[in-house]
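Same order as they appear, the protein sequences are chains E and F.
The C-terminal position of the first sequence is numbered 543 in this note's numbering, with every residue numbered one higher than the one before it.
The C-terminal position of the second sequence is numbered 1674 in this note's numbering, with every residue numbered one higher than the one before it.
Hints listed in this document are in silico derivations from the structure and should not be mistaken for laboratory results.
Accuracy of the hints is not assured; some may be wrong.
[Said to hold, decoys possible] Over the 12 Å line for every Cβ pair with chain F, so calculated as not near, a few chain E residues:
1. S279
2. T358
3. V359
4. A362
5. L405
6. G491
7. I521
[Stated by the list, open to error] Straight-line distance between alpha carbons at most 30 Å, and here's what the computed DSSO-like set of lysine-lysine pairs gives:
8. F:K1339 x F:K1488
9. F:K1387 x F:K1426
10. F:K1387 x F:K1488
11. F:K1443 x E:K540
12. F:K1547 x E:K540
13. F:K1339 x F:K1430
14. E:K540 x F:K1426
15. F:K1430 x F:K1387
16. F:K1643 x F:K1478
Keep in mind it's a predicted model, so treat the numbers as computed, not measured.
We put the CB at the ideal spot given by N, CA and C, even for glycine.
Okay, here's what each chain looks like letter by letter:
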Amino acid sequence: MAVIAFSTLQSPARRVLSVKTFLPLLAPSIVLTLFFAVPMGMMIGISFQSLDGGAPTLASYSRFVKDGLVLAGLGRTVVMSGLVAVCVTVLAYPLAYYLARSTSRWRTVVLALAIAPELAGVVLRTYGWLIILDDRGFINSALMWVGVIFEPLPLSKNLFGVVVGLTHVILPFGVLSLLTSLQGISPNLERSAQILGASRLAVIRHIVLPLSVPGIISSLLVGFTMAASAYATPALLGGAGFKVMATMVYEQVLFYLDWPFAAVMANVLLILMVGVAFIGSRLESRLNQKLHL
Amino acid sequence: MSTIDIELHSVSKKFGANRIVKNVNLAIPKGKFVSILGPSGCGKTTTLNMIAGFESPTSGEIRIRGTDQTGIPPEARKIGLVFQNYALFPHMTVAENVGFGLKMQGRSREEVAAGAKRALKSVRLEGFENRYPKELSGGQQQRVAVARAIAPSPSVLLLDEPLSNLDLKLREAMRVELKEIQQDLGMTFVYVTHDQEEAMAMSDRIIVMQGGAVAQEGAPADIYGRPRTSFVADFIGKSNILPISAVADAKTGNGSWRVLLGTAGMPIMAARMPGLVPDKARFCCIRPEAVRLADAAGALDEPANLLTGTIQKVVNLGAYLEAWLLVDGEITLKSMIRSSRLDKLAVGHRVELAIAHAAVQLLEE
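Start from the sequences and build out the full structure, keeping to the hints where you can.
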């Protein structure tokens, strides 16, 4: 849709590009160059530095591929991000579907509630989960008080806690990416399927799900990349027992002062996310083409 | 076996405080092409949605093949529906679209394929099985939508303004074709439209709706020739709708009524309307083609009113001339006259007119 709107705006007369056209882009270009492109370039440069100030070296890269602890952290990051992406998408789907179809006056309220968590800071929400999931947190205290358990359940400082916290933080983004896709499916398609004898479940399975696959992919992508790059939630809910790439980069920079190695880890994380995003968006555009021909 | 496929008994529908459908009673006979005709907002689409089961009546009862449909969801009603925008599934091929209903019935793969092929054949769209909807023209998409709706062999097919997205030429061709498909299948078609020409061209029966209620119901010729209200007379075809001041029983022997036209009270003979209380009539309708030149062949073959008119304006429409005539100093009549009479119709000329008694229809309101 956006593409069509854009192409109709481009009348032939406007094709003549002048300096004026680019003038409004000047300020954002400077900001992006200074605060995004330059630091990125520096990161790549730093990753080849040797600690003793010698010639550029691949030493930090070779250390990365040999370091079992770091590779385990990379694996943990991938597993965690994958789980968060799936949880976000599964939980966001029914919510987005309701928001796309409802005409009730509660729709706006539900939409506001779905987005509202974004208004509170990530750290605040993560502390909220800590209060609930901690060894002396709400769930464990309540269960121990009732007498169901005698030892606290391991709800935080592990994969479970981090996935719960991140899913909560990222959920609104999943809802928004699915909502766009689900709103593009005409309700008349569902009605057509229904009058042809399809039950509610069959309508979802044969019509809504296949047509919303591009939205599902973009929700998975958003979930994966946001989880992989998250720092505060894994740091607070994962603690020392659950280290991911983002927290490990932080440790290298602040505790070990090994900037080249930190830069290598950051670059690997970046390549991972760019790779996932690339494959995902390729898949999405190919599906879009297939679905709408 | 019941000969009535769909019955509506005192069906009303409210959305909030708005009464969209008001106490509608209908009986749609089996195997007929029935149109629900009316301007937008008259409640025709809501009525269709209630028959399909997407809306439930606020009060009243809908019966399909004799069974009360209260609480029965659309998927269990075994009826077909064609939407205005076709609503084809974009991710399925033509064959998958058309076979969807049969697949939902749990038929085998072979039965689904055979059923889809049969339905595509009846809409003359063989060989398109593996195309996707977006690869087809508007007219072809329309045929796929019809094929998809008829493939599971429903006894009733509902059509919601299915031709309004097509251009005029295609629309006229599809009218003929839809009628042929309906007759081939012997299926009951309920066709919702705001286009009176479409309804006239295809229907066995027309139900005219106005403001949520049925204004008139009958065969197309009946509705056109004997409109009961000024709304129906005005909505269907062109007409002169003239105020009348009094109706008197003329007792002329041929059963005509004598009415006084306009404020001046020019007497004119009108057709006797069975079931109409003469005192209640406030208007009469004269179709433009019934206002004829008195010297035209056959103009005086039946009892006719003879009037003198002054020509005010003439518009040449090719085959016909549209002429505005001032009669009795205050009444303007629109008439349709064959183009060969152009020589007689100079503006300002006075001409003798003949209007058959039977062509003057009294209207209830």
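Each hint tested on the structure:
1. S279: holds (39 Å)
2. T358: holds (18 Å)
3. V359: Holds: least Cβ distance 20 Å, greater than 12 Å.
4. A362: The claim stands: E:A362 keeps its Cβ more than 12 Å from every Cβ of chain F (closest is about 24 Å).
5. L405: About 42 Å separates E:L405 from the closest Cβ of chain F, which puts it past 12 Å; holds.
6. G491: E:G491 is indeed farther than 12 Å from all Cβ atoms of chain F, at 45 Å.
7. I521: holds (34 Å)
8. F:K1339 x F:K1488: holds (15 Å)
9. F:K1387 x F:K1426: holds (20 Å)
10. F:K1387 x F:K1488: holds (21 Å)
11. F:K1443 x E:K540: holds (10 Å)
12. F:K1547 x E:K540: Between F:K1547 and E:K540 the Cα gap is close to 49 Å, so the pair fails against 30 Å, i.e. violated.
13. F:K1339 x F:K1430: Given pair F:K1339, F:K1430 holds - Cα atoms ~23 Å apart, limit 30 Å.
14. E:K540 x F:K1426: holds (24 Å)
15. F:K1430 x F:K1387: holds (22 Å)
16. F:K1643 x F:K1478: Between F:K1643 and F:K1478 the Cα gap is close to 28 Å, so the pair holds against 30 Å.
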